[in-house]
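Student: All chains, please: the whole structure from these sequences, using the hints.
Line order of the protein sequences matches chains A and B. According to the numbering used here, the residues represented by the first sequence are 1324 to 1852, in order. According to the numbering used here, the residues represented by the second sequence are 42 to 664, in order.
Hint data in this document are derived by calculation from the structure and do not stem from the laboratory. It is possible that part of the hints are untrue.
What the hints assert, rightly or not - If you anchor each label on the Cβ, the simulated ranges turn out as follows:
(1) B/K204 to A/A1720: 29 to 35 Å
(2) A/V1831 to B/L74: 27 to 33 Å
(3) A/I1565 to B/F109: 50 to 56 Å
To be verified - A few chain A residues that face chain B, going by a derived Cβ cut-off under 8 Å, partial list only:
(4) F1334
(5) L1423
(6) D1563
(7) F1801
Being a predicted model, the structure only gives us computed values, none of them experimental. We treat Cβ as the ideally placed atom computed from N, Cα and C, and that holds for glycine.
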Amino acid sequence: MIAHILPLADFTAPKIEYSELSPLLVVFGAACVGVLAEAFLPRPLRHLVQLAITVVAVLVSGVLTGILMNDNKELIAAQGAISVDGPALFTWLVLLALTLISVLLFAERSVDGGLSAFAGQAAAVPGSEAEREGTAAKVEHTEIFPLTLFAVGGMMLFASANDLLVLFVALEVFSLPLYLLCGLARRRRLISQEAAMKYFLLGAFSSAFLLFGIALLYGYAGTMSLGGISDALSTQTGGDTILLAGTGLVAVGLLFKVGAVPFHSWTPDVYQGAPTPVTGFMAACTKIAAFIGLMRVFYVALGGTRWDWAPMMWIVAILTMVVGSIVAITQTDVKRMLAYSSIAHAGFLLTAFVGLAQAGNGVHNGITSTQAVLFYLVSYGFATVGAFAVVTLVRDAGGEATHLSRWAGLGKKSPLLAGIFAFFLLSFAGIPLTAGFTGKWAVFSAAWTGGAWPLVVVAVLSSLVAAFFYVRVIVLMFFSDLPADAPDVALPGWQTTSAVALGLAATVVLGLVPGPLLDLAARAGEFIR
Amino acid sequence: MSHELTWLLVAVPAVSAAILLLGGKATNAWGHLLGTLAPLIAFAFGVVLFVQMQGLGTEERSETFKLFEWFSVGSIKVDFSLLIDPLSILFVLLITGVGSLIHIYSIGYMEHDERRRRFFGYLNLFIASMLLLVLAADYLLVFVGWEGVGLASYLLIGFWQHKNSAAVAAKKAFVVNRVGDIGLSLAVMSMWALFGSSAFATVDAGAEHLSPTWATLLGLMLLLAACGKSAQVPLQSWLLDAMEGPTPVSALIHAATMVTAGVYLVVRSNAIYEVTDAASTAVVIVGTVTALAGAIIGCAKDDIKKALAGSTMSQIGYMMLAAGLGPVGYAFAIFHLLTHGFFKANMFLGAGSVMHGMDDDVNMRHYGALRKYMKVTFVTFAFGYLAILGIPPFSGFFSKDHIIEVAFAENFVVGLCALLGAGITAFYMTRLMMMTFFGEKRWEKDVHPHESPSVMTGPLIILAILSLVGGALYFAGHWIVDWLEPVTGFEEAEPAISALAMTLITLAVVLVGAAIGVMLFRRDIPREAPVRVSPVTTFARRDLYGDALNETVLMRPGQYLTRTLVWLDNRGVDGLVNGLAALFGGMSGRLRRFQTGFVRSYALSMVFGAALVVVALLAVRLS
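Tutor: Next up, the structure:
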């Protein structure tokens, strides 16, 4: 009977390369297990079990990724939907490492009197009796752990999507958990909820752009796969307007996630409002995933029309660097300052992206754009998570003291903490012997060899301006007097301590001996199609 | 010991700095001793290397030692390798020799400072970075040292962080130096693009095949870097403010060593300047202008350290001028750099000794007649004074005289400026001497000038002797010229007039300058600086309006740009929306209630952005 309805003989099951996709499957699987654990475990056990599930999943997935990298396997998996190539594997590994550090920050409970940074009951009205009771009973949302796993799984998928539809699905998979996480701050809940709302509305808006762009590109090429679009570019004539409009709209959607000007306006508000551990996670991981996704779409699918979109990207890159570094100067909140700094960093990354130094297009001299971007993302990611981890520790009665004036004289109160933060800032500024220095050199020289020298000049000037506001914070911390009502430096638990230590270690090591990682990034090679 | 251990030169002070800065309070008791030992060890090692080099043939004196491969990307490979050659060894001796003396002096000078250990840690950090700068065999590695000395300088200028002026000065020095650093980083990137490497050997070999445009650009980029570090016009403004740091810092970093890094860079890049006349000329112009500007500033300062700082700018201007003249001048630039290192460190430390006795007052109008109270300081300072004036047989006579001579041989106007500068130098230094050590007492009753302890006067005496005999580097058979010839090349300048006549003219000009100084400042110096002065004096007092210029040209437009962008970012789009809202009247007003306000304007900015993106794409295709 069933055989009549479904002609089984003609049905071929899709071929899924389980071993190559195992890192993704482990993460998503663990996320589902986490949801089940949330439903069936008694409350007191949840925190520990969820943390264990998350950490184990991330570690296992990381090991599997490492094995795949070691085997040097490159292929398009899942019927052309997912591309497991060098850059994708590299990105997976970086995302997993940064997630591990971020999860440690999420799990921190000792800096705020035995409570995590997340709201006990997100549904309780801020300031209400229900909220107070929840706090007294030390209620927590342990859902943050599976949410994080879903987010990171989506990011991994986004960085390896070989098909525009998969790209879009992945975008939503990692965005939705992030919207939720943003609104879960325990302190200053109204501003946190506002941030989540803004992020959601604007994110939905940008998704619409992306989706419309995808539709137009499909209309042009008749296919969603990146390789197929690339083929259509070389064979098809006519329909240029659809192609260009589609390119533009896809660019808008992706640049929004990257945080490039003029699609950056959500960044400062959301970074400021979100719980600081989430901000660190977003600032590092979202940027990485979005950037690799951007590069993959534009290099693989739209590489044939690069002379059409490169000038537009030049403008965006220049705007991003200039606005990011200049507006950062006047910020008075440390989280907002770091937000604008992350915008400026997106601009620096874009220089390498539009530098188009690729082995494939005749630029053989030295560093390729992909390699430079991968290295920069690593150096930026570790310093970012580390810096936000430090932010969680400077506290007063109202929670974190993020206003910069409250940081005055911190170097006298806690030289170690201020010194570590200063080191992260110096790395952001690109001072030699920090990871940020090597990263800047890598992206600038990729842009330079690719012929984008005006961009490099703007970039160097912007990084000068940027150095100014980083140094301003250092001056404030070390050369200002300690006010009488200075905030306390909370004694971190092992989670935050190890997060800061890992970020610091990576920043120091990558500054002193960048060679191995640069080699690894070089081995990742180019995107395949 | 052998050359292979060159890395120890950098490692010893670096390790000491790490111990002092990370060791915390446990090292308080003996920190200053360890900090002083480190440069002494490096100096002893430097002397051994130097003596060994004497026994080697000319060709064997230059050796590069690769420690490890720093990174390699495609065809670009950067090694962590050190170069020891006749030029770098002279710098090693200057840095560690003068550096050691200043460390010893600081034991006394910083005795009562509770953060003395940290101070020595920073000083060691500086010594290590400076040695890395001069020993590096690759421009990128130079850059690392370059930033390292910048950082150490920043930390030390702001060392007395309780003074707001010190923090501001430190920040200014850092930012102005970053402007110069742009030059060096662009130069390194250009070298990668042009030669595929930034190693000295490759760049030197490739320089002659450069196109004239690129050679000039490279020369100018390096000059920009040199201007920042060496406080040359137009990036001179930070040096005067840098005097906020403790006096030993001014002596070590802002007189004897770090500020000469720019001269080192130009001399080291001689292969590039060889092929570009335009950039060389720019170096000469910068040097000449700074030589005069610094001298003029020096004339008007009442702060003893700032007067000396003006003088430092001016003297480095002389070195730049000589370096810009090419092979005829390189050796003399380095020669003057060394003698200047001796006599300027001597005078700065002398000034520190005076301040030590005068309760840290720096205003020369409050000094007077100190020669009777600080005999050792006075005599040693006088040695430095005679050296900077160029009175034979003091060292400055040999080094400065040659620069003026070569300048006249190459270009009459430059020579004339150099000669004029020598006269002004004689004038302001005499003014400084008269106001400090001669005339009548002008200090308050409760100030009791006294001689400094021997741990401070010891280094003064040694530096005074060096100021006297430093000239021997040249008159002992033109030694320094022959020594540097393998690195920098040498050409005999063709003098316009005989050397003896030139020397006599210079001496006459110097004596006239000094005589005017003596006449004007013999007596009757008011305790307060006169307010009604000639425009020239105001001009000089305001540092030739350097800060005002920076403010109008860079800071103000920068601020406006920032404000505009912030306004646009925060309110501009919003304002536009509100304007539109007014147009659409009540309908918009009602709709607004359903929206948060900001999100709407953000979304609108995204729409504008999307329009921009699509228009940019279409514009490219249609154009």
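Student: Each hint should be assessed against the structure and marked as holding or not.
Tutor: Hints, one by one, checked against the model:
Roughly 32 Å separates the CB atoms of B/K204 and A/A1720, a value that falls within the hinted 29 to 35 Å. Roughly 29 Å separates the CB atoms of A/V1831 and B/L74, a value that falls within the hinted 27 to 33 Å. Our hint of 50 to 56 Å for A/I1565 and B/F109 holds, since their Cβ atoms are close to 54 Å apart. With its C-beta approaching chain B no nearer than about 42 Å, A/F1334 sits outside the 8 Å limit, and its interface hint is violated.
The criterion of a C-beta within 8 Å of any C-beta in chain B is not met by A/L1423, whose closest approach is roughly 26 Å, and the hint is violated. Because the smallest distance between the Cβ of A/D1563 and any Cβ of chain B comes to about 6 Å, under 8 Å, the interface hint for this residue holds. Hint status for A/F1801 relative to chain B: holds, with the closest Cβ pair at about 6 Å, below 8 Å.
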